[in-house]
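> Sequence:
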Amino acid sequence: MAYKSMNDCVLDLEKHGHLKRIPFEVDPNLEMAEIHRRVYDAQGPALLFEKVKGSPFRAVSNIYGTTERTAFIFRNTLKKVQKVIELKADPMSFLKNPLKYAGAPFTAITALPMKTWSAPVLYGKTTIDQLPQIKSWKDDGGAFITLPQVMTLPPNDTNIMHSNLGMYRIQLSGNDYVTNKEIGLHYQLHRGIGVHHTEYNQSEEPFRCAIFVGGPPSHAFAAIMPMPEGLSELTFAGMLGGRRFRYVRKDGHVISADADFVITGIIRKGEKKPEGPFGDHLGYYSLTHDFPVMEVENVYHRKDAIWQFTVVGRPPQEDSSFGWLIHQLVEPLTSQEFPGIRDIHAVDASGVHPLLLAIGSERYMPFRERKPEEILTQANHLLGKGQTTLAKFVIIAADGDDPKLDTHEMPHYFNHVLERIDLTRDLHFQTRTTIDTLDYSGSGWNEGSKVVIACCGEKRRELKQELPAGFTLPGGFTNPVFIMPGVLAVQSPRFESDASYAEAARFTQEMEKYTDYFEKHIPLILLVDDSAFTAATLNNFLWVTFTRTNPSHDIHGIQAFIENKHWGCRGGLVFDARIKPHHAPELIRDEAVNERVDRIMEKLKL
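Under numbering that gives the first Met the number 0, the letters of the sequence shown match residues 0 to 605, in that order.
Note that these hints are calculated values from the structure, not bench results. All figures in this text were calculated on a predicted structure; none of them were measured in a lab. One or more of the hints may lead you astray.
Derived DEER-like restraints, expressed as beta-carbon distance ranges [claimed, not checked]:
id : residue 1 : residue 2 : range
1  : Lys3      : Pro154    : 14 to 24 Å
2  : Gly53     : Ala531    : 13 to 23 Å
3  : Ala531    : Thr197    : 16 to 26 Å
4  : Glu373    : Lys458    : 36 to 46 Å
5  : Thr178    : Pro584    : 21 to 31 Å
6  : Arg459    : Leu111    : 18 to 28 Å
7  : Glu509    : Gln187    : 39 to 49 Å
8  : Lys458    : Lys3      : 23 to 33 Å
9  : Asp497    : Arg595    : 19 to 29 Å
10 : Ala535    : Pro473    : 36 to 46 Å
11 : Ala535    : Glu495    : 39 to 49 Å
For each residue, glycine too, the CB sits at the ideal point set by N, CA and C.
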C-alpha cells in the first residue's frame with residue numbers, strides 16, 4: 000500500500016502483527032534506546048512508544064528492524080523500483096524484454112515530486128525541547144535525531160529537482176547549543192549538503208535548511224540511498240513509497256508536506272560549534288569535533304505526529320536493513336558503475352566502510368602466470384568513486400578461479416582468498432590518505448591508510464587449524480585460538496603507548512622460526528586484546544580486526560621485505576588489532592539502565 004504518513008505505516012504494521020505498542024511512560028534518556036536494542040537483537044517487532052517522558056509526542060523505532068519487515072513495508076513497490084534501476088543500468092533491456100519493463104518508465108514519471116497547497120505537517124508548532132529527547136548511549140553529548148532527512152537547495156535556485164536530501168546527524172541539545180535556538184549538523188564538505196555549503200560561502204544568500212522527521216517510510220530511505228546518476232532523491236522517494244513526494248514552500252524553505260515534523264532554519268556560514276560525542280555505527284563513539292550550527296526558525300508538526308528514530312551502535316543494528324535494501328536495488332548497477340566488478344559487499348559487521356569485499360574479472364592470458372592485474376585497476380576504481388572511497392581494506396578476488404564465489408558467503412570467501420594470496424606480491428598500500436571520519440584507527444582524524452589485498456590464480460596452500468609441533472609464544476602473548484582455517488588470534492599485552500608497536504615487531508620476529516609453516520598453513524595471525532572473544536563469532540572477528548587496524552601501522556609480516564618500494568613478506572601476515580590509546584571508546588551499555596529495562600521488558604512480555 001502507499002502510505003500517506005508514518006501513522007499509516009504504524010497502523011499497517013500493527014494490523015499484520017509487526018508492531019508492539021508500549022502504553023506506559025518511558026524515559027528517552029537511555030531507556031528507549033536500550034529497549035530498542037533488546038527488541039532488535041531478538042528480531043522483534045517495531046515499537047510504538049505512546050508516552051515519551053518530557054514530550055507530548057509519540058515515537059516509533061525498529062520499523063526496518065528485520066529484512067522481512069522492510070520488504071513488507073515496500074512490498075507493493077520494490078519490484079517496480081528494481082525494474083526502473085535495471086533499465087537505467089541497461090536501457091537496451093527494454094528492447095530485449097519490452098513486456099517485463101513496460102511499466103518502468105511510467106513508474107518513474109508518475110513519481111516526480113508534486114507541489115501542493117495542503118500540508119498536514121503545518122498543523123501545529125512546537126519547540127526543540129518538546130521533541131523526544133532521545134539519548135542512545137551514556138556518553139552521548141546530548142539528544143540526537145538519528146533518522147533525519149535534511150533538505151537544501153543551491154544558492155539562487157528554486158528548482159526542486161536540484162535539491163539535496165541527505166541523512167546527516169543532528170544534535171538537538173547539549174554542548175554549547177542555545178536551547179530551542181540552535182542545533183548542530185554533522186556533515187563533511189564533500190557530501191551533497193557540503194557542496195551547497197561551499198557555494199553559499201561564496202554567496203550573499205542565507206543558507207536555508209529544512210530537516211524532516213517521519214513521513215512515509217520511503218522518505219528516510221531516500222535520504223540515505225546512493226542515487227543512480229540522474230535520479231533525484233525525491234523521485235526515488237515517490238517511486239519506493241508509491242506516492243509522489245509532496246512539498247510546499249514557506250518562508251523561503253521547501254517543506255515536506257507529509258513529514259511528521261519539520262525544523263526550518265539558517266545554517267551559519269562562518270560558524271562552527273562542538274558536536275558529539277555520539278555512539279556511532281562502527282561500535283565506538285565518534286568524538287567531539289567542530290561542525291556547522293543551524294539557527295532554528297520554526298518547528299512544525301502534524302496532528303498525529305510520530306517521532307521516528309533508530310539506535311546505532313556496533314553492527315548489526317536496524318540500519319543494517321538499509322544496507323540490505325540498497326543491495327537489492329543497486330546490484331544491477333554494479334557492473335555499470337564499476338566495469339569488471341561482478342560482486343561487491345561493504346561488510347556490515349565491520350562497520351560497513353572499513354572492509355569492502357569484491358569479485359573482479361581477469362581475462363585469460365596464455366603462456367604466462369595467472370596473477371592479479373586487471374583486478375588491481377578495478378580495486379583502484381572502487382577506491383576512487385562514491386561511497387566505496389571510504390573503504391580501508393579492499394579485498395578483491397578474480398572470478399575465474401571459482402564460479403560459485405560470493406562476497407556474502409564470507410567464510411568461503413576468506414578461505415578462497417587465504418588459500419591463494421601471494422604474500423610477497425598481492426598487498427598494495429596507500430599511505431597518508433583519508434579514511435572515514437568515524438574511523439579512529441588511523442594516524443589522525445580522517446587520516447590513515449588503505450590496503451588492497453588481491454588474489455588470482457591457483458590454490459597455493461592448505462589452510463590448517465593446528466599449530467606447528469613444539470610451538471611456543473613469546474613472553475606476554477597467550478591463548479592462541481583459531482577463528483577459521485588459516486586465521487589465528489593471539490591474546491597480546493595491552494597496547495599502552497607508541498612503544499607498544501615494538502611488541503608486535505618482537506612477536507613477528509620470534510615467529511620467523513615458523514616461517515615455512517605459517518606460509519603453507521596459517522597466512523593470517525591477529526594480535527588482539529581478547530582472543531576468545533575475537534574467535535567466538537564471525538562478526539566478532541570482522542569487527543575487531545577491521546575497525547582496530549590501520550594498514551600502514553598495524554600490518555606486519557614474517558620475514559617482511561621492501562623491494563623497489565613494494566612491501567611483502569615470506570611468512571604469515573600479522574595484524575595488530577589491539578585497542579590503541581588514540582582509538583575512540585567502545586560503546587558499553589549502562590548497568591543501571593539495564594536493570595530498569597529488565598523490569599520494563601517483563602511488563603512488555605516480549
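> Indicate, hint by hint, whether the structure satisfies it.
Going down the list of hints, with the structure as the test:
1. Distance hint check: the CB atoms of Lys3 and Pro154 are about 33 Å apart, inconsistent with the given range 14 to 24 Å.
2. Evaluation of the 13 to 23 Å hint for Gly53 and Ala531 yields a failure: the beta carbon distance comes to about 42 Å.
3. At roughly 49 Å, the beta-carbon separation of Ala531 and Thr197 lies outside the given 16 to 26 Å, and the hint is violated.
4. Range check, Glu373 to Lys458: Cβ separation about 20 Å, and the 36 to 46 Å hint is violated.
5. A hinted range of 21 to 31 Å holds for the C-beta pair Thr178 and Pro584, which are about 27 Å apart.
6. Between Arg459 and Leu111 the Cβ separation comes to about 55 Å, which falls outside the hinted range of 18 to 28 Å.
7. Roughly 43 Å separates the CB atoms of Glu509 and Gln187, a value that falls within the hinted 39 to 49 Å.
8. Separated by about 57 Å at the C-beta atoms, Lys458 and Lys3 break the suggested range of 23 to 33 Å.
9. Separated by about 42 Å at the C-beta atoms, Asp497 and Arg595 break the suggested range of 19 to 29 Å.
10. Distance hint for Ala535 and Pro473: a CB-CB separation of about 24 Å, inconsistent with the stated range 36 to 46 Å.
11. Against the hinted window of 39 to 49 Å, the Cβ-Cβ separation of Ala535 and Glu495 comes to about 25 Å, which falls outside the hint.
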